[in-house]
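J.: The residues making up each chain are set out below.
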Amino acid sequence: DQQVKQNSPSLSVQEGRISILNCDYTNSMFDYFLWYKKYPAEGPTFLISISSIKDKNEDGRFTVFLNKSAKHLSLHIVPSQPGDSAVYFCAASAPGANNLFFGTGTRLTVIP
Amino acid sequence: KAGVTQTPRYLIKTRGQQVTLSCSPISGHRSVSWYQQTPGQGLQFLFEYFSETQRNKGNFPGRFSGRQFSNSRSEMNVSTLELGDSALYLCASSLTGQRNTEAFFGQGTRLTVV
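Chains A and B supply the protein sequences, listed in that same order. Every position in the first sequence, counted from 1, becomes a number in the working numbering once 421 is added. Every position in the second sequence, counted from 1, becomes a number in the working numbering once 4 is added.
Simulated from the structure, these hints should not be mistaken for laboratory data. Careful: at least some of the hints might be erroneous.
Cut-off 27 Å, straight-line C-alpha distance, at most; resulting in silico cross-link-like pairs (BS3-like, lysine-lysine) [as the list claims (entries may be wrong)]:
1) A/K477 - A/K426
2) A/K492 - A/K475
3) A/K477 - A/K458
4) A/K458 - A/K489
5) A/K426 - B/K61
6) A/K458 - B/K61
7) A/K426 - A/K458
8) A/K477 - A/K489
9) A/K492 - B/K61
Quick list of the computed label-pair ranges, beta carbon to beta carbon [stated by the list, open to error]:
10) A/G437 - B/L99: 33 to 39 Å
11) B/N60 - A/R482: 29 to 35 Å
12) B/R71 - A/G504: 34 to 40 Å
13) B/N60 - A/Q435: 41 to 47 Å
14) A/D476 - B/P43: 30 to 36 Å
15) A/K489 - B/P43: 28 to 34 Å
16) A/V499 - B/T57: 39 to 45 Å
17) A/P533 - B/N75: 41 to 47 Å
18) B/E56 - A/I474: 40 to 46 Å
19) A/S429 - B/E56: 37 to 43 Å
Positions of the beta carbon are idealized from the N, C-alpha and C atoms, including for glycine.
So that you can see chain B by itself, here it is in the shape it has in the complex:
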């Protein structure tokens, strides 16, 4: 079956702009989580959506937001981009999002803010 698909793979934006990233989970998976990966911080949890509802949120400013559609596809939006937002953004899908169910990661979207 198809894996987790993230688009676009690479993105260059200017400070102050906003950006939307997309994640299509594995068919049948209802939970989508987003992580930010930076060299010094590892992967940090942004938020998790389940059945179109944000179920869990990490410690990121309100500039980072997301949503999930009825087909479980999810989008992540970052407004007023800052240089420090440059990172690899990963999404992970799982059947239920419960921690004993395996999460499958996409290849990520590499965002560069200049």
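The shape of chain A in the complex, shown without the other chains:
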């Protein structure tokens, strides 16, 4: 049973515009969330994280929003750049557990 879901397998955005990637989770015990980016033939690399005590975390062009009541988080990339084209995974973990539950990924294509 997939506890972390990314319902959009792909997303295309024009360069300079905002990219919004969405993620839903079902396990109310999750309290720490991460986004990873993956280029072809490379392993995922950490992008940004957020703890459930916050509802927003920002790092440069990347902002993650968390809506605990809706069990939903989103990653905003502004402005989007062609180098952002990759597969983005959201992941979650619960207290006392150090393994991550990943979504199935969203392939972002930024069109120049």
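Model the placement of chain B on the given structure of chain A, informed by the hints.
T.: Structure of chain B alone, referenced to chain A:
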């Protein structure tokens, strides 16, 4: 510093065989986690080793096993391979394995079972 190294990068095996994959973590990292990535399931957690002990285990059959050596290098073994085991196997290393410490992934081993 050198990143996480996984060997081999690609592997083709026949059903029923067994396979061993290797992961060398970043120097100083004591935690190694293994994940299986398939197109429909995303990344799924297999197990985590810390200081040569399995600390956490995912929901995979006993055919999947692992170990960690005193130098923190880890191996993953899959016995009696099935077609459904075809996947990208990723390992991630971190200093402590605690969830607020960044995990660094290797490039993965692409296993194809025929």
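J.: Is it true that A/D476 and B/P43 lie within 30 to 36 Å of each other by Cβ?
T.: holds, 32 Å
J.: Does the structure keep A/K492 and A/K475 at a Cα separation of 27 Å or less?
T.: holds, 13 Å
J.: 29 to 35 Å was suggested as the range; check whether the CB atoms of B/N60 and A/R482 agree with it.
T.: holds, 33 Å
J.: Is the hinted pair A/K426 and B/K61 satisfied, with a Cα-Cα distance of at most 27 Å?
T.: holds, 21 Å
J.: When you check the alpha-carbon spacing of A/K477 and A/K458, does it fall within 27 Å?
T.: holds, 19 Å
J.: Between the alpha carbons of A/K426 and A/K458, is the straight-line distance 27 Å or under?
T.: Answer holds: A/K426 to A/K458 is near 16 Å, not above 27 Å.
J.: CA of A/K458 to CA of A/K489, is that 27 Å or under?
T.: holds, 23 Å
J.: A/K492 and B/K61 were given as a pair; does the straight-line alpha-carbon distance stay at or below 27 Å?
T.: At roughly 25 Å apart (the allowed maximum being 27 Å), B/K61 and A/K492 satisfy the hint.
J.: Take a look at whether the Cβ-Cβ distance between A/K489 and B/P43 falls inside 28 to 34 Å.
T.: At 30 Å between Cβs, range holds.
J.: Confirm or reject the claim that B/N60 and A/Q435 have a C-beta distance inside 41 to 47 Å.
T.: Roughly 42 Å apart at Cβ, these two residues keep to the hinted range, so it holds.
J.: Okay, A/P533 versus B/N75 on CB: inside 41 to 47 Å?
T.: holds, 45 Å
J.: Need the status of pair A/K477, A/K489: alpha-carbon distance at most 27 Å?
T.: holds, 11 Å
When each numbered hint is compared with the structure, a violation occurs for hint 18 only.
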